[in-house]
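> Sequence:
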Amino acid sequence: MFLRLPSKRTQLPATQRVATQLCILWASALAFSHPFAFPHQFAWSQQQDTAKFFEERIRPSLVEHCIACHGPDKSESGLRLDRPELFRQGGESGSLVEAQKPVESLLLQALRHEGLEMPPNKKLPDEQIEAFEAWVSAGAVWPEYVKELTVATDRDKISQADREYWFFQPLSDPAVPSLGYTNPIDAFVAQKLQAQGLSLGQNADESVLVRRLYLDLLGVPPTFDELQEYLASPSQDALGQSTGGQGRYERLVDKLLDDPRYGERSGRFWLDLVRFAESDGFKQDDFRPSAYRYRDYVVSAFNQDIPYSQFIAEQLAGDELDSTSDRMNAATGYLRHWIYEYNQRDVRSHWDNILNDLTDVTGEALLGLGFSCARCHDHKFDPLLQKDYYRLQAFFAPIEPRYDIPSDATSLEARREKLEAWLECAEPVRSELEQLERETRTKVVEAAIEKFPPDVRPALRKAQAEREPEERSIAVLAYLQIANELKGLDFSKKLKGQELAQWKYWKKHDEELKKGMPKEPEMSLTVRDIGSRAPKVTIVGRASAGEVHPEAPSVLGDRYPLEVQSQEESTGRRLALARWITDPSNPLAWRVIVNRLWQHHFGRGLVANASDFGRLGEPPTHPELLDFLAQQMIEQGGRFKSLHRLMVTSQTYRQSSYPHERGQGQAIDPENRWLWRFAPRRLDADQIRDSILVVSGTIDPRSGGSSDASDSNRRSIYQRVMRNSPNAFLATFDAPDASVSVARRNTTTTSLQSLFLTNSAWMVRKSEGYAKRLMTQEQNSRARIELMFRENLLREPTDEEIRWIEASIEEQGSSDPLGAWSDACQALWNTSEFLYIE
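The sequence shown runs 20 to 857 under my numbering.
None of these hints come from the bench; they were simulated from the model.
The reader is advised that the hints may include incorrect statements.
Quick list of in silico lysine-lysine cross-link-like pairs, DSSO-like style, CA-CA up to 30 angstroms [to be verified]:
| hint | residue 1 | residue 2 |
| --- | --- | --- |
| 1 | K437 | K527 |
| 2 | K437 | K506 |
| 3 | K527 | K512 |
| 4 | K512 | K538 |
| 5 | K462 | K399 |
| 6 | K555 | K538 |
| 7 | K555 | K515 |
| 8 | K71 | K141 |
| 9 | K462 | K526 |
| 10 | K555 | K481 |
| 11 | K462 | K437 |
| 12 | K399 | K71 |
| 13 | K71 | K211 |
| 14 | K515 | K534 |
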């Protein structure tokens with residue numbers, strides 16, 4: 020009797036669709052010979068099809084859009100839609116389904132908004148209404164097993180398998196395998212290797228190891244003299260290894276961790292993570308003059324080895340810790356690395372994009388989860404609900420960008436006295452100018468406000484104190500654009516007659532006065548909460564679902580609860596988030612950060628996808644070691660240097676990169692997942708550039724301060740990061756563009772890289788400068804070649820290498836000796852020995 024209902028993906032031809040509908044109507048008429056006497060004597064396969072249609076097309080709409088107003092808690096118009104018998108009963112307006120004319124049923128009229136309107140705020144999409152039409156025409160059948168519809172709670176959407184996923188489990192406390200190793204890392208690694216029939220390899224040559232260590236911890240190679248000094252030092256200290264003394268390698272590790280260049284190198288990976296840049300992006304790409312203070316904060320934090328919990332709290336909520344601190348204002352620059360479009364009139368959408376960006380980066384960088392995949396719907400693979408995305412976003416919703424907080428409060432106090440004296444002197448002139456300009460300014464501001472969408476304009480016409488929380492941040496973005504228009508306003512073209520003459524007179528005096536005006540202070544790139552009352556956050560496109568509050572993700576909320584305590588001048592949300600993220604009982608952030616440190620030294624993390632520990636990534640190769648390292652970092656107070664020391668003093672790290680095990684390792688584990696040798700890797704862009712600066716003797720050792728706009732001789736971390744015009748050298752060697760969080764830089768091999776290392780103007784300048792020094796310092800070719808090899812490759816050249824370079828110099832040298840030696844320098848800089856960490 021009943022026809023199989025078409026799948027939602029099926030689109031029948033028009034004639035066939037009409038025929039099918041007529042058949043359904045005929046069948047429905049028979050079915051409704053007695054009102055709501057639904058027949059259940061059809062075949063089981065047909066029941067299955069009907070049930071599937073109900074579950075896929077009808078139940079979700081009833082649950083999401085209907086039973087909140089027509090359910091057990093609330094039954095408007097006496098109508099309940101949560102139980103089949105109550106659905107059949109109807110409400111005050113009568114039965115929902117007309118047996119004789121199902122297409123004219125009250126339910127369908129309400130869904131079409133023909134008189135009654137269900138849901139009241141917005142009509143359902145046509146596809147969903149068509150599904151209800153098909154369902155009603157076929158008898159509005161509820162499967163027998165459906166006794167009641169309930170709104171699925173967040174908990175209902177998370178399965179037991181989701182809760183048991185390894186990443187969400189508490190940190191384990193694994194026992195170190197008893198395999199006779201001093202460093203626990205080696206014991207865990209050796210245990211895995213034994214299971215594969217492999218073992219740890221021999222240590223690398225000491226020269227290779229020292230270079231590896233310098234490049235990993237400082238980002239630059241040692242000088243030849245530093246290497247020789249190390250090799251000449253005692254292998255053990257006065258106490259001797261057996262009595263707890265350190266060997267010379269361990270002493271070198273401590274020395275490098277105390278070197279200020281350590282913070283510059285370690286800070287680099289963090290700046291990639293948080294997409295640090297010094298420009299807005301988009302077409303204008305305006306420079307952000309005080310952005311460098313965040314970079315300097317990160318470098319300083321690593322050098323000071325502050326606890327990870329403090330490091331995160333200062334970046335997420337420095338203003339909530341101490342709003343008067345210059346350091347905290349610099350740290351909260353983390354919240355200001357977003358891309359900004361200066362002429363985007365749709366400021367609401369622009370602010371939404373900014374909050375999305377903060378949510379995405381925080382989820383990936385700090386929690387190791389791809390929250391962005393849950394922005395528009397529940398995550399397809401991980402237990403992250405769409406609601407969880409906006410729960411995380413709610414922590415950032417109360418912020419507003421600030422442009423009036425000085426970077427250096429101390430210098431501001433000194434300036435304030437001078438400024439007050441200057442303003443007193445300038446007041447008569449400025450008062451006259453302000454009076455002449457007021458009407459024109461007012462007109463320009465009003466005209467600028469009219470350029471914004473109608474729903475934004477009322478907020479812009481209010482005083483700041485009168486704005487609702489939802490209006491504060493969008494008003495800041497809008498007034499940045501209005502201020503830009505005022506900045507370009509030419510009053511000489513707006514005023515006329517007597518007013519223009521007066522304006523020119525007073526303007527001339529004002530320009531003279533400005534020469535004595537105290538210099539404007541540099542302002543922090545920072546944020547503040549709009550107050551203790553937060554704006555309302557709702558799921559985009561689902562405002563009817565109600566307000567979303569700042570909470571932990573559903574899969575974690577029961578096990579690792581998160582509580583927010585508001586403060587007098589802020590919501591306290593970001594500080595609560597920071598403390599929850601780094602709470603020792605919360606395993607996510609600790610696993611993520613130790614995995615990043617492991618990747619820093621070994622090229623690949625114990626979890627390969629360093630910013631996605633979910634099901635789209637790979638499980639850890641050494642889960643016990645991962646948890647052991649996380650526990651170690653917590654026990655060491657969350658300090659980075661102790662973990663660096665543990666990793667680089669392990670035999671696992673000190674292994675040679677050359678294959679051993681008579682070829683078995685390559686056959687059993689070609690990707691080196693089990694760490695049977697050290698995996699060689701190419702230097703990243705910063706390391707290549709900085710290494711050339713070091714060996715050529717041209718590096719500028721100054722640290723901190725404003726970035727260099729030109730391609731200076733300072734380290735790469737101090738080169739200005741403009742999103743639309745990046746440093747050519749760094750971009751060629753895969754430096755990220757600072758638009759998204761980058762957990763691990765790409766390593767590409769292109770012809771452009773080789774051309775850049777030989778033909779770029781920068782390389783020519785460096786190689787010619789280096790060649791001049793060689794030619795001045797050493798008089799014969801052999802001595803020059805030996806010096807080149809010592810400074811660049813940290814070894815003596817072979818006789819064959821000397822003959823090869825001498826022949827090349829002789830062939831070219833008579834006509835262009837400087838060019839010949841410059842080419843020889845570039846040849847060494849193009850070798851794998853120089854460009855790779857072995």
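> Which hint numbers doesn't this structure obey?
5, 6, 7, 11, 13
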